[in-house]
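S.K.: The chain contents come next:
There are 2 protein chains.
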Amino acid sequence: MGGGPLDVAVLGATGAVGTEMIHVLERRGFPVRTLRPLATARSAGKQVTFRGQALTVQEVGPDSFAGVGLALFSAGGTPSKQWGPIATAAGCVVVDNSSAFRHDPAVPLVVPQVNAADVPAHRGLIANPNCTTAITLMALAPLHRAFGCRRIFASSYQAVSGTGARAIEELGRQVDQVLHGRPVTKEVYPHQIAFNVLPHVDAFLPSGYTKEEMKMENEGRKIMHHPAFRASVTCVRVPVNRAHSVAVSAEFEKPVTVEAARAVLARAPGLDIVDDPANAVYPMPLFVEGKDNCAVGRLRLDCALDNGLCFWVAGDQLLRGAALNAVEIAEEMLARDCLRVPRG
Amino acid sequence: MGGGPLDVAVLGATGAVGTEMIHVLERRGFPVRTLRPLATARSAGKQVTFRGQALTVQEVGPDSFAGVGLALFSAGGTPSKQWGPIATAAGCVVVDNSSAFRHDPAVPLVVPQVNAADVPAHRGLIANPNCTTAITLMALAPLHRAFGCRRIFASSYQAVSGTGARAIEELGRQVDQVLHGRPVTKEVYPHQIAFNVLPHVDAFLPSGYTKEEMKMENEGRKIMHHPAFRASVTCVRVPVNRAHSVAVSAEFEKPVTVEAARAVLARAPGLDIVDDPANAVYPMPLFVEGKDNCAVGRLRLDCALDNGLCFWVAGDQLLRGAALNAVEIAEEMLARDCLRVPRG
Chain A
1 MGGGPLDVAV LGATGAVGTE MIHVLERRGF PVRTLRPLAT ARSAGKQVTF RGQALTVQEV
61 GPDSFAGVGL ALFSAGGTPS KQWGPIATAA GCVVVDNSSA FRHDPAVPLV VPQVNAADVP
121 AHRGLIANPN CTTAITLMAL APLHRAFGCR RIFASSYQAV SGTGARAIEE LGRQVDQVLH
181 GRPVTKEVYP HQIAFNVLPH VDAFLPSGYT KEEMKMENEG RKIMHHPAFR ASVTCVRVPV
241 NRAHSVAVSA EFEKPVTVEA ARAVLARAPG LDIVDDPANA VYPMPLFVEG KDNCAVGRLR
301 LDCALDNGLC FWVAGDQLLR GAALNAVEIA EEMLARDCLR VPRG
Chain F
1 MGGGPLDVAV LGATGAVGTE MIHVLERRGF PVRTLRPLAT ARSAGKQVTF RGQALTVQEV
61 GPDSFAGVGL ALFSAGGTPS KQWGPIATAA GCVVVDNSSA FRHDPAVPLV VPQVNAADVP
121 AHRGLIANPN CTTAITLMAL APLHRAFGCR RIFASSYQAV SGTGARAIEE LGRQVDQVLH
181 GRPVTKEVYP HQIAFNVLPH VDAFLPSGYT KEEMKMENEG RKIMHHPAFR ASVTCVRVPV
241 NRAHSVAVSA EFEKPVTVEA ARAVLARAPG LDIVDDPANA VYPMPLFVEG KDNCAVGRLR
301 LDCALDNGLC FWVAGDQLLR GAALNAVEIA EEMLARDCLR VPRG
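Taken in order, these protein sequences are the chains called A and F.
Numbering-wise (the numbering used here), the first sequence opens with residue 1 and increments by one.
Numbering-wise (the numbering used here), the second sequence opens with residue 1 and increments by one.
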């Protein structure tokens with residue numbers, strides 16, 4: 001592959017994440033020779049813009065990946081399962097934003113600031129983690145390395161962007177309907193999200209947890225190489241547009257102080273400490289929207305754990321939680337000269 | 001006092017809680033002979049309605065409590081401290097919604113469904129608990145009695161009504177400003193609350209916790225008579241109008257199962273089990289607004305605790321969290337024939 005420009009495909013190019021992937025590729029100067037926007041039949045024919053040029057979205061098909069060096073997938077689990085093997089067979093490396101391959105032992109699951117060293121083990125496919133997990137790990141993983149995290153108790157405050165572009169539209173529409181006293185219509189969520197919160201993100205499992213809630217433990221274990229990590233999580237959708245927040249109580253093996261934790265977090269890449277509560281300075285979703293870095297604050301010793309720390313972390317769901325993380329994985333592959341499907 | 005009707009004062013009669021106190025007194029048929037709506041100078045002269053009659057709010061003064069048998073206070077800590085002793089000296093029993101007296105050993109702190117037996121010990125003053133604590137204890141206290149709660153990890157999703165009527169107005173105004181692309185104005189909160197969440201409820205302490213976050217442990221200990229109870233809490237304001245929700249991980253002394261917990265909660269007064277996640281049935285703040293009962297759901301074994309249970313509880317902040325709880329305390333005093341200031 002050398003280091004020259006690549007043909008790059010984006011599958012799910014018209015979705016909330018796909019749109020952001022195209023922006024991030026352009027904004028970060030990723031060496032794209034030509035961009036191939038792809039989608040399933042429903043969205044084919046729409047237009048996207050890349051470097052000032054309008055491009056027509058093509059329907060994904062068996063020939064879509066010929067000559068393509070990198071594909072970023074964000075069209076959901078079913079298209080990923082269908083087109084992932086076809087793309088890699090065509091010699092295209094895939095960074096997949098769905099949960100389809102995250103637990104496949106042959107597929108690295110990567111937050112670049114945490115486990116970039118896992119990138120070169122890929123066999124053509126790398127998985128992008130769950131958004132809430134990625135945002136939480138930006139603060140938790142460096143603390144784990146320093147103090148040894150046993151377990152966390154976490155509650156999320158998740159933006160509607162995690163459900164996609166139609167959910168952002170739904171929140172805006174419902175707020176308008178409420179303000180004007182009109183009947184509230186629902187198309188995306190089972191209940192009104194405007195002026196409400198829903199303790200329901202992704203599907204429910206027989207255990208009573210949602211799939212989303214279990215991703216923190218399952219993906220956290222793989223990304224942090226920490227099979228004993230335990231996470232008790234409640235995931236909640238809130239009427240916020242595009243950034244997630246997470247309240248975390250973390251228990252550590254080693255004694256932890258706020259000062260020591262702050263020193264660790266100050267060195268953590270991709271993370272800003274926003275923590276001056278006396279002046280009402282703390283992370284908030286509205287003010288991390290559009291930012292590459294996540295923000296951590298509300299650092300304090302945990303009242304109910306002996307070696308425990310509480311913190312509050314917020315991050316742009318479409319950036320750290322999806323598009324930025326995927327492009328950074330591709331950048332790691334370029335930097336490590338492994339942006340190719342290995343033979344055999 | 002006998003059991004006959006009383007003259008009843010409401011201090012803070014024009015606030016969000018005071019307005020609701022007057023509604024609850026009327027709705028529950030509390031034996032009010034005359035209602036005396038009181039407020040500090042700022043709100044005196046406004047009108048309130050009780051049993052279809054418009055009443056003019058009087059400025060609270062040294063003579064306001066003459067002949068008054070019961071006063072419900074909800075004007076904030078400073079007026080409570082100023083007027084509480086004057087009212088009780090005049091022979092008026094005070095149920096105070098502020099935090100001013102909650103930790104006074106001579107003042108019972110009561111959630112009637114949990115510790116009504118503490119009511120008769122009052123010396124003229126009974127404190128109403130913090131709203132988030134009261135709502136959480138509706139589910140936690142019965143579980144504690146059955147299984148022995150060691151500690152909880154909790155995150156709140158608190159409605160703007162907890163800040164008062166002006167905060168409800170602020171949320172509506174800001175949402176309208178955002179929808180119309182106008183500049184967002186702030187009068188109550190230090191940051192925009194519309195389409196945002198603020199990890200900031202009440203003032204910050206040197207420990208990094210807010211006062212609100214510590215109320216769960218401090219008031220929980222007193223109400224449950226459980227001095228070893230530990231609570232690690234993050235309190236967060238969300239753009240919801242008038243009901244709070246709390247995500248709780250609770251650790252118990254005895255083994256707990258979802259079935260055993262459900263059986264305990266099914267017998268708990270003032271609480272509805274709303275828990276059929278497969279059909280998207282779980283408590284939500286929008287749907288407990290205006291309801292006397294709190295709602296609990298999302299029952300599941302805790303992933304990170306050995307004898308642990310996760311649950312999600314929601315309740316109307318102005319009712320269980322304030323006005324209803326206060327009127328129920330007064331009802332308990334009537335029923336126990338102790339609605340009088342004891343002598344000596």
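Bear in mind the hints are in silico, worked out from the structure with no lab data behind them.
Any given hint could turn out to be false.
For chains that are exact copies, the list does not tell them apart, and a pair is met inside one copy or across any two.
Calculated lysine to any residue pairs in the SDA-like style (CA-CA distance at most 25 Å, straight line) [said to hold, decoys possible]:
hint, residue 1, residue 2
1, Lys186, Asp276
2, Lys81, Arg27
3, Lys186, Arg173
4, Lys46, Pro183
5, Lys186, Asn241
6, Lys291, Gly148
7, Lys186, Leu286
8, Lys211, Asp306
9, Lys211, Asp7
10, Lys291, Val184
11, Lys254, Asp306
12, Lys211, Val258
13, Lys186, Ile168
14, Lys211, Asn279
15, Lys46, Glu253
16, Lys186, Arg336
17, Lys254, Gly61
18, Lys291, Ser64
Fair warning: this is a prediction, and the values are worked out from it, not measured in the lab.
S.K.: All the hints need checking, so say for each whether the structure fits it.
M.R.: Do the hints match the structure? See the list:
no. : hint              : verdict
1   : Lys186 <-> Asp276 : between (39 Å within a copy, 20 Å between copies)
2   : Lys81 <-> Arg27   : neither (29 Å within a copy, 58 Å between copies)
3   : Lys186 <-> Arg173 : both (9 Å within a copy, 23 Å between copies)
4   : Lys46 <-> Pro183  : neither (31 Å within a copy, 33 Å between copies)
5   : Lys186 <-> Asn241 : both (17 Å within a copy, 20 Å between copies)
6   : Lys291 <-> Gly148 : neither (29 Å within a copy, 45 Å between copies)
7   : Lys186 <-> Leu286 : both (24 Å within a copy, 15 Å between copies)
8   : Lys211 <-> Asp306 : between (30 Å within a copy, 21 Å between copies)
9   : Lys211 <-> Asp7   : neither (34 Å within a copy, 56 Å between copies)
10  : Lys291 <-> Val184 : between (32 Å within a copy, 21 Å between copies)
11  : Lys254 <-> Asp306 : both (10 Å within a copy, 21 Å between copies)
12  : Lys211 <-> Val258 : between (32 Å within a copy, 19 Å between copies)
13  : Lys186 <-> Ile168 : both (12 Å within a copy, 24 Å between copies)
14  : Lys211 <-> Asn279 : between (38 Å within a copy, 15 Å between copies)
15  : Lys46 <-> Glu253  : neither (53 Å within a copy, 59 Å between copies)
16  : Lys186 <-> Arg336 : neither (46 Å within a copy, 49 Å between copies)
17  : Lys254 <-> Gly61  : neither (53 Å within a copy, 57 Å between copies)
18  : Lys291 <-> Ser64  : neither (32 Å within a copy, 56 Å between copies)
Of the numbered hints given earlier, the model fails hints 2, 4, 6, 9, 15, 16, 17 and 18; all others are met.
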